[in-house]
Amino acid sequence: MADIVERAIETQVLTDTDFAPFGVVIRPTPDGTLAGPIDRALDLSEGRPRFYILALEERSLRIKGITRHHQTTQVLASVGGADWFIVVAPPSPDSASPKLDAVRAFRIPGDVAILMKRGTWHAGPYFLGPAMSFFNLELEDTNIVDHDTCSLPATFGVTFALSTDA
Numbered sequence: 001m002a003d004i005v006e007r008a009i010e011t012q013v014l015t016d017t018d019f020a021p022f023g024v025v026i027r028p029t030p031d032g033t034l035a036g037p038i039d040r041a042l043d044l045s046e047g048r049p050r051f052y053i054l055a056l057e058e059r060s061l062r063i064k065g066i067t068r069h070h071q072t073t074q075v076l077a078s079v080g081g082a083d084w085f086i087v088v089a090p091p092s093p094d095s096a097s098p099k100l101d102a103v104r105a106f107r108i109p110g111d112v113a114i115l116m117k118r119g120t121w122h123a124g125p126y127f128l129g130p131a132m133s134f135f136n137l138e139l140e141d142t143n144i145v146d147h148d149t150c151s152l153p154a155t156f157g158v159t160f161a162l163s164t165d166a
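Counting from 1, position 80 in the sequence shown corresponds to residue 80 in the numbering used here; the numbering is continuous, with no gaps.
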């Protein structure tokens with residue numbers, strides 16, 4: 001088997017424009033604000049929604065796999081307001097793997113959420129420290145029946161090392 005190449009992936013500051021190929025950024029709005037385009041981007045029509053708090057222990061910042069969900073959008077936000085990181089690639093419905101040159105990493109501020117489009121490839125959430133919890137909105141069976149993962153070493157011969165300097 002060929003050697004696995006580790007590529008550094010730099011995190012970038014989250015902006016609405018830069019994140020648009022992958023989903024939308026959900027920012028705080030005043031109470032009473034009517035639903036708008038961001039709300040309409042949420043699609044849980046293929047099943048029963050599941051909203052839960054995902055508790056994660058310290059994890060490596062080396063990315064070996066990237067996952068997508070065909071049947072739903074997914075919303076993630078940190079519980080305690082700390083910044084965190086996500087690695088994403090645009091949806092590729094006609095391919096079993098993401099486009100490697102389109103993989104991006106973002107630092108997500110603790111006061112926003114992200115809504116990933118159906119089929120958006122993602123790895124994470126990642127964070128600094130021993131543990132962190134996240135609000136997660138998806139379908140109740142997403143992790144059972146709609147969890148398509150691509151092994152980066154097996155498919156491309158690479159892993160990514162996440163740089164958290166952004």
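Don't read these hints as lab results, they were simulated from the structure. Even for Gly, the Cβ is constructed at its ideal location relative to N, Cα and C. Keep in mind that the hints are not guaranteed to be accurate.
Simulated pairs of lysine-lysine, DSS-like, Cα-Cα distance not exceeding 30 Å [as the list claims (entries may be wrong)]: (1) K64 <-> K99; (2) K99 <-> K117; (3) K117 <-> K64.
Now the in silico label distances, taken between C-beta atoms and shown as ranges [as the list claims (entries may be wrong)]: (4) F135 <-> D3: 36 to 42 Å; (5) T155 <-> R59: 19 to 25 Å; (6) I53 <-> A2: 38 to 44 Å; (7) P37 <-> G157: 38 to 44 Å; (8) S60 <-> T33: 37 to 43 Å.
For each hint, the structure was consulted:
no.	hint	verdict
1	K64 <-> K99	holds (15 Å)
2	K99 <-> K117	holds (16 Å)
3	K117 <-> K64	holds (22 Å)
4	F135 <-> D3: 36 to 42 Å	holds (39 Å)
5	T155 <-> R59: 19 to 25 Å	holds (21 Å)
6	I53 <-> A2: 38 to 44 Å	holds (41 Å)
7	P37 <-> G157: 38 to 44 Å	holds (40 Å)
8	S60 <-> T33: 37 to 43 Å	holds (39 Å)
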